[in-house]
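Student: Residues per chain are reported as follows:
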Amino acid sequence: MDAKAVQFFEEVLSKTRAGKLRWEPTAVESDYIAAVGGQFTLSVAEYERENRYSQPIMQHSLTLKDQEGRTLTRVTDMDDGIAEAEMRELYETARRQALHVDEKIESLLGALSKL
Amino acid sequence: MIEFLAGNWGNVASVAGLFFSILAFVFSKRASIAAREARNATLLRSLGEEMNGANRMAGEISTYVAMERGDMALLRTSELMNQTSYFMARWDNRLSEGSKNNLLSVREQLHFIHEVLTKSPVADLSPKAKAQLAQASQRVNAIFSE
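Keeping their order, the protein sequence lines are chains A and B. Residue numbers for the first sequence follow the working numbering, so the first one is 73 and each next one is one higher. Residue numbers for the second sequence follow the working numbering, so the first one is 19 and each next one is one higher.
This is chain A alone, in the form it adopts within the complex (with noise of 0.2 Å):
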């Protein structure tokens, strides 16, 4: 995988570990999908495919798309450089935001404080 490839995976965790991009879910639930500087839309997803064993294994993968929908990149967690966990967690806060799960486990623990 290519430095700049990383680099941009490692700059779309940072930027989605606090909270600046709006990931937004989608028709399909495993992906969802941010644009960025009214230029790119970014998407994550979560797909199975088998390993060696022909065993069903969950893999996730990040693709940037430019202004004409075509894709540029596509990292996933197969990629050299790019940690498998660092790829999960990419894809679960995103999977978070978009569903704003913690505004609402805030709201539920309200209404339990409440019974």
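In short, the hints are calculated from the structure, not lab data. Don't take every hint at face value.
Stated by the list, open to error - For lysine to any residue, the following SDA-like pairs were computed, each having C-alpha atoms within a straight-line distance of at most 25 Å:
no., chain 1, residue 1, chain 2, residue 2
1, A, K92, A, F112
2, A, K92, B, G116
3, A, K176, A, K186
4, B, K146, A, E120
All values reported here derive from a predicted model rather than from experimental measurement.
Got chain A sorted already, so can you dock chain B onto it with the hints?
Tutor: Structure of chain B alone, referenced to chain A:
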């Protein structure tokens, strides 16, 4: 007075010329501002009309999804994807970064809606998948309503 004019006609003519030049500049500036404002108003009206059309189309996608008319929803989704690409190209230098991000989100949302509608008829989708499809089409509708 006549003596003064006769002696200084050149200077008087220069001052009068300068005065009329300033006047012409002020009027041309006003006319240019008015023309620019009229042009902006026309462009804004045109953008508003196009957005209303897109909003109506987005509403139709939601309705067709709810009615399980996948074929019609797919047709409108394709149309709106093209329309969104056209918006981004036509209004690129007039839209703010936030508006461009909204249009990019819409196009990507439509891409996923298209993917789901192409894979199987709406009636065959699981209740969860149907709900996600409906939510995604409402999200598109909401962005065009903003």
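Student: Just pull the numbers of the violated hints for me, sorted ascending.
Tutor: none
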